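Going down the list, the protein sequences come from chains A and B. Take 4 as the starting number for the first sequence in my numbering and just add one per residue. Take 1014 as the starting number for the second sequence in my numbering and just add one per residue.
Note that these hints are calculated values from the structure, not bench results. As the structure is a computational prediction, the values presented were derived from the model and not from experiment. One thing to keep in mind: the hints can contain errors.
[To be verified] Pulled a few chain A residues facing chain B out of the computed Cβ check, cut under 10 Å:
#1 Tyr-17
#2 Val-85
#3 Pro-138
[To be verified] Beyond 12 Å from chain B on every Cβ pair, some chain A residues (computed):
#4 Val-25
#5 Gln-28
#6 Gly-65
#7 Gln-110
#8 Arg-253
Every residue, glycine too, gets a C-beta built ideally from N, C-alpha and C.
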Amino acid sequence: MSTMLEVSGLTHQYGQGERAHVAVQDLTFTIEAGQLACIVGPSGCGKSTLLRCISGLIPATGGSVRLHGDEVSGVPDDLAVVFQDYGRSLFPWLTVAKNVEFPLRWQKVSKAERQRRAAEVLESVGLAGVGKKYPWQLSGGMQQRVSIARALVSRPALLLMDEPFASVDAQTRGELEDLTRRVQRDLGSTILLVTHDIDESVYLADRVLVLSKSPAAIVADLAIDLPTERDQIATRESEQFVSLRGEVARLLQSPQVQRTGENAPAETPAATTGTDDTTASDATAASETTAPAEATGAALSDGADTAEAADAAGSPDPTAASRS
Amino acid sequence: MRTFAKGLTGLLGFFLLWEITVQAGVLPDYWVPPASEVATTFVELLGDREFLLGVIATLLAWLIALGVAVGIGVPAGLLLGSVPALQSASRALIEFLRPIPAVALIPLVMVTIGSGPDAKITLAVYAAVWPILFNTIYAFGEIDPVLLDSARATGANRRQALTWVALPHAAPFIFTGVRVAASIALIAVISVEYIAASEIGLGRYILEGGMNNGHLDQVMAGTVLAGLAGWAINSALVGSGRRLFRWADTEERATR
Chain A
4 MSTMLEVSGL THQYGQGERA HVAVQDLTFT IEAGQLACIV GPSGCGKSTL
54 LRCISGLIPA TGGSVRLHGD EVSGVPDDLA VVFQDYGRSL FPWLTVAKNV
104 EFPLRWQKVS KAERQRRAAE VLESVGLAGV GKKYPWQLSG GMQQRVSIAR
154 ALVSRPALLL MDEPFASVDA QTRGELEDLT RRVQRDLGST ILLVTHDIDE
204 SVYLADRVLV LSKSPAAIVA DLAIDLPTER DQIATRESEQ FVSLRGEVAR
254 LLQSPQVQRT GENAPAETPA ATTGTDDTTA SDATAASETT APAEATGAAL
304 SDGADTAEAA DAAGSPDPTA ASRS
Chain B
1014 MRTFAKGLTG LLGFFLLWEI TVQAGVLPDY WVPPASEVAT TFVELLGDRE
1064 FLLGVIATLL AWLIALGVAV GIGVPAGLLL GSVPALQSAS RALIEFLRPI
1114 PAVALIPLVM VTIGSGPDAK ITLAVYAAVW PILFNTIYAF GEIDPVLLDS
1164 ARATGANRRQ ALTWVALPHA APFIFTGVRV AASIALIAVI SVEYIAASEI
1214 GLGRYILEGG MNNGHLDQVM AGTVLAGLAG WAINSALVGS GRRLFRWADT
1264 EERATR
């Protein structure tokens, strides 16, 4: 196995002098090709900054990032990013197919080839036939599938995902997790996914890196030796899963992780109770612990319902923010 | 189409009310001719070659003025919107120039340019450039950084992200500015035509009707045509804006 990503001594600070905020400090790790690695850490610990540095969207203030041996400066060609806010990251004036084709515009790919690849990758994320629609006509889960398709269309060597499932409902989240594992296996891609959700990190990953509170530093590097074939219900019930989840949760609660947080209550990850996070949307998800059992069978047939839910939430309007 | 019909109902109602008030003697007909008389004159005028040439001159001046205003406003807005230093440097100048009404500049323009078509075009451009400029600046200030990050993460460079993401994102805002500017430019062209006594144009015609022989029906018919032109232009732009920018919904916001 070759090394895909090599992060060494990565440091990033915002601002200068006394008001400087160190978001990431001296972070060193490597990701092997073909791995699905999750980075889990408390909210606001600098996970997103880390991902932005790795993707070359912002230059790190110290240290280096190497993608299969090449120093990263600017966004590398064979890297793609999936953001949390699908409503803000898809281009509303382009159809789904054109959104997916977008990364190929900067490469020497003929129009016919672009269309063919977009259709192909849309099919692989379970969205065959929606290419002519616009992103805002789709449910939240389907929109996030579109952004995953867009990220995969240029066949990136490394796929970075920043809290990719934090804005969808619990059932869709499960489907997207399985989708991520499937495409990763089918395409043999390397994925680095950032999340604050302990369950998700353990379920998805081959390897979990636990980050401390800001400034982010790695406190543990766990291999997840769950079977390759995972199941939303059976895997999550397995003894191995429960013990791994407990281990990650304990690590996150350890004084090492909480070093700057002793005086800050209400930030303790609630993993020991079986729920995994502190956001409102996930609190509701956790209260419906029986729902996924019925849900997995229903799989992809929820388009209409979730579309309405997405409309009700009203988030996909790109100009909504400007109304105030 | 239904909103169009509703809009038309209001307009017809207005003409009906006008006719009734004059016929009933509430308003003296030597002061305001009845709507029916104005309508007859209006139809007659549509066959009057000289009048039509005047209307064409006005609309042509309007179209050129709007085109020039877009040509100035959009690039200037792009520049000011994407270079913060330039924006803050030009703020005082813009805030000084903007409140000056175009009509107040007529004497200055008459002295320097005269009262030909270039005078009315110049003043209409001046009046129309502001909404376009401000909407363009605003549109670029509003752009979601996540949208630009998404573009850059696909490998687009700065210029590509500007052309293919920032510009389409700004298009509906800019279009709203153009729509507002279109009405303002028409007002400016016609005002200059009769205040600066242009040789030809709708404004000139209205002025003649009033000055020479007290032909109030001609004055009113010209005024009605100006109103209809403004209404038609605005409706056409609202309609095409809805079709073009279905994803953005800014037209609704602009009327709020």
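Consistency of the hints with the structure:
Taking 10 Å as the C-beta cut-off, the interface hint given for Tyr-17 (chain A) is violated, the closest approach to chain B being about 15 Å. Checking Val-85 (chain A) against chain B: minimum C-beta separation of about 9 Å stays under 10 Å; hint holds. With a cut of 10 Å, the hint placing Pro-138 (chain A) at the interface with chain B holds, because the nearest CB-to-CB distance is about 9 Å. A cut-off of 12 Å between C-beta atoms confirms that Val-25 (chain A) is not in contact with chain B; the least separation is 22 Å.
Look at Gln-28 (chain A): its CB is around 23 Å from the nearest CB on chain B, clear of 12 Å, so calling it non-interface holds up. Even its closest Cβ contact with chain B, about 22 Å, leaves Gly-65 (chain A) beyond 12 Å, as expected for a residue assigned away from the interface. The non-interface label for Gln-110 (chain A) is inconsistent with chain B: the shortest C-beta to C-beta separation is roughly 8 Å, within 12 Å. Chain B leaves Arg-253 (chain A) outside its interface by the beta-carbon criterion, the shortest separation being 34 Å against a cut-off of 12 Å.
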